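Visitor: From first to last, the protein sequence lines stand for chains B and Y.
Going by numbering that gives the first Met the number 0, the first residue of the first sequence is number 0, and it counts up by one from there.
Going by numbering that gives the first Met the number 0, the first residue of the second sequence is number 0, and it counts up by one from there.
Because the hints were derived from the structure by calculation, they are not lab data.
Quick caveat: nothing in here was measured; it's all calculated off a predicted structure.
Backbone N, C-alpha and C fix where the C-beta goes; we use that ideal spot for every residue, glycine too.
Just so you know, not all the hints are guaranteed correct.
[Stated by the list, open to error] So, partial list: chain Y residues that the calculated Cβ filter (under 8 Å) puts toward chain B:
no., residue
1, Ser19
2, Val26
3, Arg280
4, Glu658
5, Gly659
6, Ala662
7, Met686
8, Leu694
[Claimed, not checked] According to the in silico footprint, chain B covers these stretches of chain Y (three or more CB under 8 Å from chain B):
no., stretch
9, 197-205
10, 247-257
11, 471-480
12, 649-656
[What the hints assert, rightly or not] Calculated Cβ distances over 12 Å to all of chain Y for the following chain B residues:
no., residue
13, Gln6
14, Leu8
15, Glu17
16, Val19
17, Gln20
18, Leu22
19, Arg26
20, Val68
21, Arg74
22, Ala118
23, Gln125
24, Lys157
25, Arg158
26, Val160
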Amino acid sequence: MALDTVQKLSVTFTLNGESVQALVEPRTLLLDYLRNHVEVTSARRGCESGQCGACTVLLDGLAVHSCSVLLVTCRDRSVTTIEAADQDPQLRQLQGAFVDRGAIQCGYCTPGIILSAKALLSEKPQPSDMDIKIALAGNICRCTGYYKIIEAIQDVAKRSVAPGAAGEAAR
Amino acid sequence: MRTDIVGRPMPRRDGLLRASGQVVYGVDFKVPGMLWGKIVRSEHPRARILRIDASRALSLPGVKAVVTGRDAPDGLYGARLWDEPILAKDRVRYVGEPVALVAAVDEDTASEAAQRIEVEYEPLPALFSPFEALREDAPLIHPDLGSYFHREFDCHPVPGTNIASHIKIRKGDIAAGFAQADLVHEDTYQTHPVHCAYIEPHAAVARWEPNGRLTVWSSTQCPFLVRRQLAVALKMPVSRIRVLATAVGGGYGGKALMKIEGACALLARAAGRPVKLVFTRSEEFIGTNTRHAFSIDIKTGAKKDGTLVACEARLVVDNGAYTDAGDGVCWEATIGATGPYVIPHQKVDGLLVYTNKIPGGPFRGFGWPQVHWAFEQNVDALAHRLGIDPLEIRLKNAVEEGSLSSTGEALHSVGLKACLRAAADAIGWDKRERQPNRGYGISVVNKLSIPYTSSSAFVKVNEDGTIHLLCSAVDLGQGSDNAMIQIAAEELGVRAEDVDLIPADTDTTPFDDGARSSRLTFHMGNAVRKAAAEARQEILRRAESVLEVAAQDLELRNGRISVVGQPGPFLSLAELVMRSHWLHGGPILARGSHVDEDIVAMDPETGQSPRPAAYFEYGAQAAQVEVDPETGQVTVLRMSSAHDCGRAINPLAVEGQIEGGAATGLGFALMEEVQIEEGRVTNPNFMNYCLPTSLDMPPLATTIVEGYPHREGPFGAKGVGEASCIGIPAAIGNAVYDAVGVRITRTPITWERVLDALERKKST
Chain B
0 MALDTVQKLS VTFTLNGESV QALVEPRTLL LDYLRNHVEV TSARRGCESG QCGACTVLLD
60 GLAVHSCSVL LVTCRDRSVT TIEAADQDPQ LRQLQGAFVD RGAIQCGYCT PGIILSAKAL
120 LSEKPQPSDM DIKIALAGNI CRCTGYYKII EAIQDVAKRS VAPGAAGEAA R
Chain Y
0 MRTDIVGRPM PRRDGLLRAS GQVVYGVDFK VPGMLWGKIV RSEHPRARIL RIDASRALSL
60 PGVKAVVTGR DAPDGLYGAR LWDEPILAKD RVRYVGEPVA LVAAVDEDTA SEAAQRIEVE
120 YEPLPALFSP FEALREDAPL IHPDLGSYFH REFDCHPVPG TNIASHIKIR KGDIAAGFAQ
180 ADLVHEDTYQ THPVHCAYIE PHAAVARWEP NGRLTVWSST QCPFLVRRQL AVALKMPVSR
240 IRVLATAVGG GYGGKALMKI EGACALLARA AGRPVKLVFT RSEEFIGTNT RHAFSIDIKT
300 GAKKDGTLVA CEARLVVDNG AYTDAGDGVC WEATIGATGP YVIPHQKVDG LLVYTNKIPG
360 GPFRGFGWPQ VHWAFEQNVD ALAHRLGIDP LEIRLKNAVE EGSLSSTGEA LHSVGLKACL
420 RAAADAIGWD KRERQPNRGY GISVVNKLSI PYTSSSAFVK VNEDGTIHLL CSAVDLGQGS
480 DNAMIQIAAE ELGVRAEDVD LIPADTDTTP FDDGARSSRL TFHMGNAVRK AAAEARQEIL
540 RRAESVLEVA AQDLELRNGR ISVVGQPGPF LSLAELVMRS HWLHGGPILA RGSHVDEDIV
600 AMDPETGQSP RPAAYFEYGA QAAQVEVDPE TGQVTVLRMS SAHDCGRAIN PLAVEGQIEG
660 GAATGLGFAL MEEVQIEEGR VTNPNFMNYC LPTSLDMPPL ATTIVEGYPH REGPFGAKGV
720 GEASCIGIPA AIGNAVYDAV GVRITRTPIT WERVLDALER KKST
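Extracted from the complex, chain Y is given alone in its bound form (with noise of 0.2 Å):
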């Protein structure tokens, strides 16, 4: 389909706002006769509270609060499963739980209010591993696991267990399948957490008004999302509570779910002031979420041409001890466990389990960097022993369109093999020559989008002509707002720059699910295009008198009207608007939504759907490593990334997604870890926690790969902000096994581990 706006490179609207540092974050933003908060958390991964002592800190000069989990409300909260209290009751799970909040009148004075707050605990056992908590006689983390709240859809809890969640497929006849394999390979990979890292620290200023409402401003990618968890937890009707999205300096999936509103909420309420709270770094590493643990037993089967003919795989997902989105990684990790492989007989276990750690959540990938891990290595073992070239043995497995799904969905819109030989040819894969210590590698990607989800925005024309878009989408970097703008210039038959975003205000702008999964493009583009058709219809009718002729003659263009075909003379939106208005009265204002409709509940024994989610995005990633086999340390050379987006609406945002997300794969490949020793996160710093620098990223070939246009997309478009990860890993563990014959199992490849791997190769 032909386009003008749609498809063509676009600065970023507020780029000049953003690089003179005029943008306001959640940081940055204030209200007058502002307190500011602070949280004291837990010492102990697992206890009974017996004691809170607040008078020394009550004491203090300039304290005007002290909330404890006996004065907040019993509300439990979640994504799925509902778990999580605002504020621990008389037990803590993890360290860095809030046990007590404090307000006071600036951010030193509620430090020092903190650290004299005394809390009695007496410490419980705790569980660190999923293996032990999988234990029978391992003690409950949630003995009331059976009466949370919880999700059916995508989230099957085990009360009576640790098992927050446990998803299966069954597919074919595993048995079967492994009696027709000529050759089996069978590892177990791991996987460590790292964090979203976003540079802006979570921050909220809550403020409850004179009529009881209660206002939130926050740094959040899903206001709608935090509005519901806070209603839920503070026990109180949503239209009672309304959300302003910041700016967000960095997200990732970590400002996805509630995090500080709830505290900020409690404080100010306490106070009776608006309170303003900001986490410092080592909170964010202590107190927020990791990406999951995972342990990931696989085994797959082949015939000697490399025909896969069945997998079976066991994921160990380390939940920490509160859910937040772990039932939904675990969910898609469960279903993307496999790889985007046509594989006719299959079994998985997805189980989540609680641990007395920091809870894992949303990040980037969502699941689907774990599974990446260990299918891609796994396949890549196989295609060595049976003597396949790597590339080979993905191109005559990798799903098609029509090809069958691990949930029998019979898959549309698939670029993968386009994708692969994308990344391969960027990378020089048929011209690559052995050299020694050097080696290639690759991966495919996929990921799907979380389902049951629902956009909507309205479209207003203004008297002058111009658009305003009101949607609850928050670009937190990832160019949503320039996508939004581009469809509804497109599809309005107005100029890009006269189309302008309202930022997300839950009492205006009207509701989303929130800028997470990779949703905002396919979902929200969807929406806003049709409020702009319908505002285009609306603008037509309205001409119609104005203009004497029949809608269905009129176009809009460029923001003018005029009679099909004719080149003139034009009727400006400005002047229809107004006429309109004294006309007809006001006001132009159209209004969209997507919901994805066919979508049908996996069967919680097989986990066969027809269709789970609404897409899937594709990809490809390559590496060239070099490794010292005198130090162990992994160089990477060069990396190729190519993509499958259905339809790039912005190209300039999606090579950069393509490029950010390289960076993330990069990072939890071989830099990022939160160390946890007994529950303590031990490096909860950005000295000792290792981001990729300037200095760490090897140059980069991107390729979005179109032609592959998703039905139900705007203009084709699907996600890429988070397939841009997921096969950055796999494709550097394989590479390093290329170059020097070692299968690294575990992330981050350290130079350790590798150096390990080469000591035991020698010595066998």
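One chain only, chain B, in its complex shape (with noise of 0.2 Å):
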């Protein structure tokens, strides 16, 4: 193949727990290996430059856009995609509550939308209304208007709510 003469880079890095090693050209990204190479398709191409955050995987415990990071740079750190629900409870629990809440209507944004939500809610419990508005401005939901999103993940922060915060959180 004309195109396949480039170099490749052994990288290792963690998906959702598990060692990986990967050989890639250093061009490759992060969203294509995932789709590509590891048949990890929940993270989505919706418009390659950054913009949609249908890509949206956790970084470190950070949303970042897949579609925006060269998997050499992701060398030794930790990449969290949705599949990492089977373990994450808190993952778990936003998917129950925007499943309830009708936050979920085509489905293309939500697994993004969700670790955008779950890397909030690890750096702020109780959020803000706006708080969650900002935190999902990297993510676009062509179907919802975000009203019921907003509910989901409020629902969850209201609940993670510890006996003797809630009081604290009232005030």
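Two chains, two separate frames, one set of hints: put the complex together.
Guide: Structure (structure tokens):
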């Protein structure tokens, strides 16, 4: 193959808790690696330019657009996709709240939005609506107008209030 | 009517699957041995193709096939007017039109090969404005217009011109009407092109089977429509084509008609292997559709007390290079141009005009947001000039049960006035106070659903007593799966969780006209309900011999058969089906269909018809805005949206439709614009095409208005999906006027336009 002449690089990183060793061209994007090499298609291509957020994953816990991250920069770092919900109760709770609230229509943006919400709740367990809006500003949802998404995230945030902290949050 | 399952909020059946990223959208779909395709697109708005040289592409290792217009069948396709080839033959009509196709072993190789295909053009003078195209000396974009197939019902081309369709309304006596008016307000309003901007791009896989049949998997809203268009364009019988719908990552109209499947099929045939095509975001912007840009001259006459007496409008609809859904948009917009008001004297001309630009196409609202932008501001201006409250003038003239529409139809199921009151109350209309630079605006909403469509459904009862619903309704997020499940379960007497939908496959699921025009709840809902009723009868008939009780004395509830009025014993549906298989043979398979039976074509000269379409959705939307007089920036502080959908089958999904539609309306009003210069889209990406984000959406109060059920709707239901976006732009426009006294007549309402209008106001 004529295009296949570039020297490949070895990259080791963690994907949903498991170590992965990849041999890729330097230009390989995290999104393309996930979709085309390890069949993680929950990260989705929408705009190819870091605008729509359908490809959002967590990189060391921070929400990033995987279409704009070179895989080689993930060396020795931890990548989390929605598949991690199997081991992460909060991701499961978010998924359930999104379903119950009607926050999912076509669902194309949903895994990315849930991961952005997860990153927010890790940093700010009791966010205001404005905190949520800011955290989701990099995730476009064309279906819902975001209202039910914000409600779903608040549902999970409120549920996670520890008994002793409830009064704190209410004040 | 009391119901157990219909009317209950029901979360998406496949919600967790979607939230887990496990749903297979078109972009995810794969088959073994698949190649990747790419499309070479025209760089000229109008040109003759002189030569295509693919030798440098074919010499690239990994390239398996190249197809040009010369190798393609010469079938033309469309929705009503068939004017578009899959691949340009000898001429191109817009920048972005497909001229050649290439298939290769992977996406990168296909992209590289596409760049190596050399196309030599002879550029021709192009037409970028419909007004230029209407001039008598304008070159003809489609010289063969007269020979194209078209559907007479709602499309009237004018051969020898660039007019793809001319639709007319002539009602009453327009001169006499204006003679009665105490005040006439006249203005010109314009709307701009926007894109559906579904986040999943178009994607399809095509495979030719050894027996010569074609299989296509596509992220489409309308599998049967795509199959018909493929058949016409490829000149083969529909039965030789199988279309299967993948999950759809948003559509909003943009995935209703064939866009990618034809090219994919041609490539797969040439390569002798399956081919996958996925559009890039840039291709979406240059090579699919926009919402049609309109220019609307409108003149409305009213009595001093606000009674509307006459309205005259001329719509010039920028069709772009091919008609796609433009004929339908022009037809609906002409019917809707004077609003859902009782106006005895009307004259409307809708002109659909070819230009050398990206074709306009279907997008949520289908011409209605554009005409609402015009007449709802026109009516507002009249109200202000007459000193009448904008809500009052609307309530005074709004249609109600039995009112005559623009086509002379006596309307049924009209909750418009209730919607107006609900939207006004929700935003505090009656208690509003005058605050500097803040204002309120309101707009009515109405929209019809396209006529002459058909839906059909099968209900299959499984041996374990569960139900498989075979219908070709594609749930692109709007929630039709749940609506169909709820209708079927309610009618049958089974639990909703025991009903499942089989994904659309033209080989097995029955005919339907597609997920478009807010039609599934009404049309498919009826088909499903009839099929379910038939299945229920069949079940009870079979139970007769098992229970030795007459069928009319039996009932089916919660999946159990028992004697009416007796607490038990029960025969479970599962047991009945199994026993019945051995006793009578199977299958228990019932069918149902819905067709609009009494639709009458509009008179081509007067546009009059007692029933041009099955039903209208109604609504009202209001906005409160703040305008910064220094910068012209418009901030929407809050919105309200009230909708009459007859009966909400699933209120959770109806709310979702209302909320999402509000975002679509707000994006159109304030932010989104496909910028086209000399026929070239200059912002084909989400960096420069700004979609509403979470930060852009103001608080929204939604109201579902019930109490106006449609006598033909399933459980009284009508659609709601499109109505939800239609009135927002006009409501915001009216609120801007209320805030700072300037009328913005052109969408989008940008800060430049507001500032400019404020400057002009100051200087006069």
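Visitor: Each hint: holds or not?
Guide: Hints, one by one, checked against the model:
1. Ser19: holds, 6 Å
2. Val26: The hint holds - Val26(Y) has a Cβ within 8 Å of chain B, the shortest such distance being about 6 Å.
3. Arg280: Where the cut-off is 8 Å and the nearest Cβ of chain B is about 5 Å from Arg280(Y), the hint holds.
4. Glu658: Holds: closest Cβ of chain B sits about 4 Å from Glu658(Y), inside 8 Å.
5. Gly659: With a closest approach of 5 Å, the Gly659(Y) hint holds.
6. Ala662: holds, 4 Å
7. Met686: holds, 6 Å
8. Leu694: Holds - the Cβ of Leu694(Y) comes within 8 Å of chain B, reaching about 5 Å at its closest.
9. 197-205: holds (count 4)
10. 247-257: holds (count 5)
11. 471-480: Holds, because 4 residues of the stretch 471-480 of chain Y bring their Cβ atoms closer than 8 Å to Cβ atoms of chain B.
12. 649-656: holds (count 4)
13. Gln6: At roughly 16 Å from the nearest Cβ of chain Y, Gln6(B) sits farther out than 12 Å, so the non-interface label holds.
14. Leu8: holds, 17 Å
15. Glu17: Given a closest Cβ separation of 17 Å, the condition holds.
16. Val19: holds, 18 Å
17. Gln20: Holds, since 22 Å exceeds 12 Å.
18. Leu22: Holds, since 17 Å exceeds 12 Å.
19. Arg26: The claim breaks: Arg26(B) does not keep its Cβ more than 12 Å from every Cβ of chain Y (closest is about 10 Å).
20. Val68: Consistent with the label, Val68(B) stays out of reach of chain Y, its closest Cβ about 17 Å off (over 12 Å).
21. Arg74: For Arg74(B), whose nearest Cβ neighbour in chain Y is about 23 Å away, the distance exceeds 12 Å, so it holds.
22. Ala118: holds, 14 Å
23. Gln125: Nearest chain Y Cβ is 18 Å from Gln125(B), so the label holds.
24. Lys157: holds, 19 Å
25. Arg158: holds, 17 Å
26. Val160: holds, 23 Å
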